[in-house]
Structures are given as C-alpha cells and as structure tokens.
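Following the hints, put chain Z in place on chain U, whose structure we already have.
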Amino acid sequence: MTSLIELTAVTRTFGAFVALADITLSLPPGRIGLLGPNGAGKSTLLKLLMGLLTPTSGTGRVLDEQLGGDRDSAGNWRLRRLIGFMPEADALVPGLTGVEYVSLAGELYGLPRREAQRRAHEVLSYLELEEARYRRVEEYSAGMKQRVKLAQAVVHDPPVLLLDEPTSGLDPAGRDAMLRLIKALAIDHGKSVLLSTHLLADVEAVCERVVILAGGRVRGQGTVRELCARRQNRYRIRVQGELDRFRQELTAAGATVLSDDGHGEWRLAVPSGWANLTFFQLAHTTGALIRALIPDDETLEELFLRTVGV
Amino acid sequence: MTNQPPNTDTMPAQTDTLLRYRPWRGTPHGPLFATLAMARVSLRLLLRRRLMWGLFALGLLVFFFFFYAQYLMVWIETQLRTETVRFAGVPVTIDNLTRFLKRLALDGSVHTFGNFIWFQGYVLVIALALAGSVLVGNDFYYGSLPFYLAKPIGRWHYILGKCLAIGGLMTLLVTFPAILLWIEAGLLYDWKSYYFDNFDLLVGIVGYSLVLLVTLSLLVVATAVWLRRTVPLVLVWMGVFVYPQLLSTLLVDGLNFPDEWRLIDLWNNLYLCGLWCLQADPATIRPPGQPEFWQAGLVVAGVCAASLLYLRRRVQAVEIVT
Numbered sequence: 012m013t014s015l016i017e018l019t020a021v022t023r024t025f026g027a028f029v030a031l032a033d034i035t036l037s038l039p040p041g042r043i044g045l046l047g048p049n050g051a052g053k054s055t056l057l058k059l060l061m062g063l064l065t066p067t068s069g070t071g072r073v074l075d076e077q078l079g080g081d082r083d084s085a086g087n088w089r090l091r092r093l094i095g096f097m098p099e100a101d102a103l104v105p106g107l108t109g110v111e112y113v114s115l116a117g118e119l120y121g122l123p124r125r126e127a128q129r130r131a132h133e134v135l136s137y138l139e140l141e142e143a144r145y146r147r148v149e150e151y152s153a154g155m156k157q158r159v160k161l162a163q164a165v166v167h168d169p170p171v172l173l174l175d176e177p178t179s180g181l182d183p184a185g186r187d188a189m190l191r192l193i194k195a196l197a198i199d200h201g202k203s204v205l206l207s208t209h210l211l212a213d214v215e216a217v218c219e220r221v222v223i224l225a226g227g228r229v230r231g232q233g234t235v236r237e238l239c240a241r242r243q244n245r246y247r248i249r250v251q252g253e254l255d256r257f258r259q260e261l262t263a264a265g266a267t268v269l270s271d272d273g274h275g276e277w278r279l280a281v282p283s284g285w286a287n288l289t290f291f292q293l294a295h296t297t298g299a300l301i302r303a304l305i306p307d308d309e310t311l312e313e314l315f316l317r318t319v320g321v
Numbered sequence: 002m003t004n005q006p007p008n009t010d011t012m013p014a015q016t017d018t019l020l021r022y023r024p025w026r027g028t029p030h031g032p033l034f035a036t037l038a039m040a041r042v043s044l045r046l047l048l049r050r051r052l053m054w055g056l057f058a059l060g061l062l063v064f065f066f067f068f069y070a071q072y073l074m075v076w077i078e079t080q081l082r083t084e085t086v087r088f089a090g091v092p093v094t095i096d097n098l099t100r101f102l103k104r105l106a107l108d109g110s111v112h113t114f115g116n117f118i119w120f121q122g123y124v125l126v127i128a129l130a131l132a133g134s135v136l137v138g139n140d141f142y143y144g145s146l147p148f149y150l151a152k153p154i155g156r157w158h159y160i161l162g163k164c165l166a167i168g169g170l171m172t173l174l175v176t177f178p179a180i181l182l183w184i185e186a187g188l189l190y191d192w193k194s195y196y197f198d199n200f201d202l203l204v205g206i207v208g209y210s211l212v213l214l215v216t217l218s219l220l221v222v223a224t225a226v227w228l229r230r231t232v233p234l235v236l237v238w239m240g241v242f243v244y245p246q247l248l249s250t251l252l253v254d255g256l257n258f259p260d261e262w263r264l265i266d267l268w269n270n271l272y273l274c275g276l277w278c279l280q281a282d283p284a285t286i287r288p289p290g291q292p293e294f295w296q297a298g299l300v301v302a303g304v305c306a307a308s309l310l311y312l313r314r315r316v317q318a319v320e321i322v323t
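So the sequence lines, in the order shown, correspond to chains U and Z.
Here the numbering used here is used: the first residue of the first sequence is 12, the next is one more, and so on.
Here the numbering used here is used: the first residue of the second sequence is 2, the next is one more, and so on.
Next comes chain U alone, as it looks inside the complex:
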C-alpha cells in the first residue's frame, strides 16, 4: 500500500530558527490527527506538505508526489491538486455566493467550468448548505462558513484533505456536525484526512492515528488507541489514620502520588494491571482508613501535555 506521507529527516529552518528538526514520518492513508501546541511546527509541516515551502534538508513525498522545488513549480501544482486544503482563516471572497465561491475553487483546481458549477451544487448539498448556496458567503454563520470552506476543499474530489482547525469557532452542535461530515468523507468516500488541531476531542472523534509535534520535533505518533493505552490510570483517594506508612507502601507497590492537599486527599497514578483491592489491602496492613476512592483517569489533553513535556 502506498504511504500517504513519507518524510525522511526533514528539517526546515528560517535563518537560525529551526521550525522543523529531523522529522521522519511514514503515515498510511487514513484519518490522521496532527497535534501540537502553538509554535510546534504544525503550520510549517502543512506548508511543506502543500509544496508552499521547501525542506532545508531531507526528502519527502505525499502519495506519489515528491516534496521540494519552488512553490510555483509544476510539480508543486500537481501536489496541490492532490490536496484539498481548508484554511483556519476565513479565506472567503466577499460578494460571491456560496455556489460561486465553491465553483471558483473548482475552476482554480482545474475543473472545466460547467463541471465545477455542477460539483459546487452537489458538494454544497452534501454538506447541508443546499438552502444557503445562493446567499453571499459573508452573510453565513460561523458553522456555514466552516462548511463552505470544507466544500471548496473537496470540490475537485482530492484524495487528501488538509484541515486546519476545522471546528474553530463552532458551537457544540456545529462542531459535532462538522466532525461527522469529515468522518463521513473519510469513511464513505475514501479521503485521507490530516486534521491539524488543538482540540484533542476532535482527534479522538475523527482520527485513527495521531502525530504529536512539539518544538519542531515529533514527540509521539501511533494510533489513537495506542495513545489512549498510554493514559495513566489515576485515582483520587481520601485517607485517614497512618498516612505516612500508607503512602510509603503505595509507593513501594508502584503507585505515584501526583498531588497531596496535606489533609489526606491525594491524586495517584497507578501502574497498569493495578487492582483496586490493593488499596484496601495496603490500608489494612498499614492501619489507614480509606474514606473515598474515585477513579480519575488522565484525559487525552493531560496525556498530550505530558507527552509534549508541558
């Protein structure tokens, strides 16, 4: 199976600043989340993948198109034709109706005019903008703007979608609808999706794989399932009695006290395979009394922050 993205030791610098350092990635087609805090190098990576920037060193390709060369070269035009890009910024053309906007995008991607118009209608209907397609884009609500941006990215039926913060500014219902559409495009129509976002819940809802960037380096990658498996099992526990002895025994058994309020309420991380009964056995042997034991697993956000070392 052809890889979606292959990067080998890709580095990109801007003067002395290293935006991406020695990135090596091999990603299969599918739904991939690109996570990272501000300044992690996500935008630089997206630009490289779209042929808007050239790697300072290293090689790479997206599907069968090699990265590199001038951004206005024919090779990079071919590359950008493979990609439907949904920018984070509004990027709308004021004065145009939804259907004109999407149709213009189709023509810019090289579709014949009539086909671009036809597909604009179809795509807008598919993305539930059928009723609003003759309204001017500047009059759209935030959710409609996001969907019309998605429409212009898929109008030419690209195999790859690069979505930059697609749920930015949406209310919960709009966000769910957008994520459902993205997932449907990927599952029903075979699109590979690279979702760049800060919102880990979006990645969890849509993606199969995840790449975590921080400081211009890949800090972690794998399937979302694998990432979730690295979550710490955590508990919030309230204890009375022999606190010091109980704590020593817990630590000896492999648990880590993450926080202590000084009044016997702790937050603990325990190793995998830990049985709840162990708490009570240790309490019994040390003379402590457990007043409360509440599961408090690490969220994906906490896992992400722990992974990037924040």
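Hint data in this document are derived by calculation from the structure and do not stem from the laboratory.
Heads up, some of the hints might be wrong.
Only part of the chain Z face toward chain U is listed, based on derived beta-carbon distances under 8 Å [to be verified]:
#, residue
1, H30
2, F34
3, V42
4, N139
5, K152
6, P153
7, R156
All C-beta atoms in this analysis are idealised placements derived from N, C-alpha and C, irrespective of residue type, glycine included.
Structure of chain Z alone, referenced to chain U:
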C-alpha cells in the same frame, strides 16, 4: 415506443442523486485556465456595483459625444460647406461652428483616437481607483488570498488573473469604443481606402490600449495591495493622476520650465506612449512642448517595474497557513 411510466422502484430518488458526493476523474486544466476563471469572477464582482454602471454610463456619454460629433463634422462639411447658419438670428460661418469640434480632431485621424482615449481615460481612472479595493484590496483585507494561493496556481497567476479583470474593464470602456469609432470613421469616408490606409491606426489603438492595460492594471493591483480600502486608494490615485497634471501644466506652460517637467504627469506619459503607437507626428501633439516619446516610455516602464517589484515582495510575504 411505449407510453408506460418508468419503474420508479429502481430509480434513485431525486434528492438522493443531488446529495450524492460523486468522484471526479477528469483531466484538470492548467493554471492559465484558472487565471481566466479568476478574471471572470473578479469582473463579475465589479459589475455588481451600481457605481460601476454609473461610470459605464459616463463612459458611454463620452463615446456617444465622439461618435455623433464625428458624424456631425462630416455632415456639416459635406452639407453646409457653403452656407451660413443662423443662431438666434446671428449668422455663424461653418468655420466658426466647427472650431470646437476641430480642436478634438474629429476626422478619423490619429488625434481622434488619441483624444478619445485621453478623455475616456478620466472615466477609466475613476473606475479603476474604485475597483482596486473590490478586485484586490478585499483579498488582503478579508484574508481571501490563502483561498487562491492554496490552489495549484502560482502567485503570478493570481496577479495575472486580477490584471486580466482590469483588462476586461478597460476593453469595455476604452478599446472597444475606440475600435467602434475607427469603424464609424471608415463608414463616414470612403470605407475601402480608409480601412486599408488606416489599418495602422487600428493597430495603434490596440497598442495604446495595451500600454494602458499593462501600466494601469499593475498600478491598480500594487496600490490596492498597499492600501486595500477605497478612500485611501482614491486619494493616492488623485495624487498620481490629478495633481501632477496640474503641477506640470503650471510649471511648463505657466512658468516656462523645461518640457521634461511634463514627465511627472503619468497620464500625459501614457498619452505620449499611445500616440507613439498611433504613429503621431510629434509636432502635432497638443499642448506643444512635450518631452520625447522615449522619455515618456522610460517613465512608464519605471512605474511598471516598481509596481512589479512591490507586488513580488508583498504577495510572497502572504502566509497561506497561519
């Protein structure tokens, strides 16, 4: 052929067909095709403004003035050559009657078209000053540029598309009416000899229009990229086209400065370049005391080069992924 109704059980519902996302496996056109689409859409955006239609009406007035005045000149000279016309009981000779029209050289000559484009240029310059923000300024102001530049086209295709839109506007306002005047002039005189003898005038009209197209479109795009909004754009265009003309006239005609001072007036330089395309005799150019054609050409080329350099720098700096 039977009249049986179609079996709707096996047909997909209309809404199903509409809502279906179809794959597309055609051969895509190249980026030059995209520039045409961009130009067409930009021109459509312009023509949605009522103000533009007002300016078109004004341009049409100028055209019709030249169109009918040219006809009137021929009619007067052929029908009333030996007569004296009375206005309010006052006898007026034909020479006096046509004195004003003769200043506009309404005889199908080089200066007919030079004068027409000069006057029509006022409307054109106003239209372009107002069009800049719609065509280009909005793309920067509202952040639409990533929409264009994330597509399989280059930055120069974007600029070319916008310049073509301006070219379309210019063709509607200047080139096409000037060609109609040339056709009319042929029909008013001996058409066979006029069209054959003055074919170079038609080429000159196209050349003049091209000079205007290249210079003004680059200037519009560059100033719109710089200023973005309509009011500052109009002020700068006044600074480029109105004040230097007043100043150069004052300096050269009023204070007897050297003729080269007219070079500060870009519109006059474009006029001189246009007259060079029309192969006008320098001695017949009014007002007298003009710089050389090559000097005007050099200034126009400098303006184009400066606009290009500025555009290259600004469009290169646009971030597509923020």
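Results for each hint:
1. H30: holds (5 Å)
2. F34: holds (7 Å)
3. V42: OK, holds: V42(Z) within 8 Å of chain U, min 5 Å.
4. N139: holds (6 Å)
5. K152: holds (4 Å)
6. P153: holds (4 Å)
7. R156: Holds. Min distance 6 Å.
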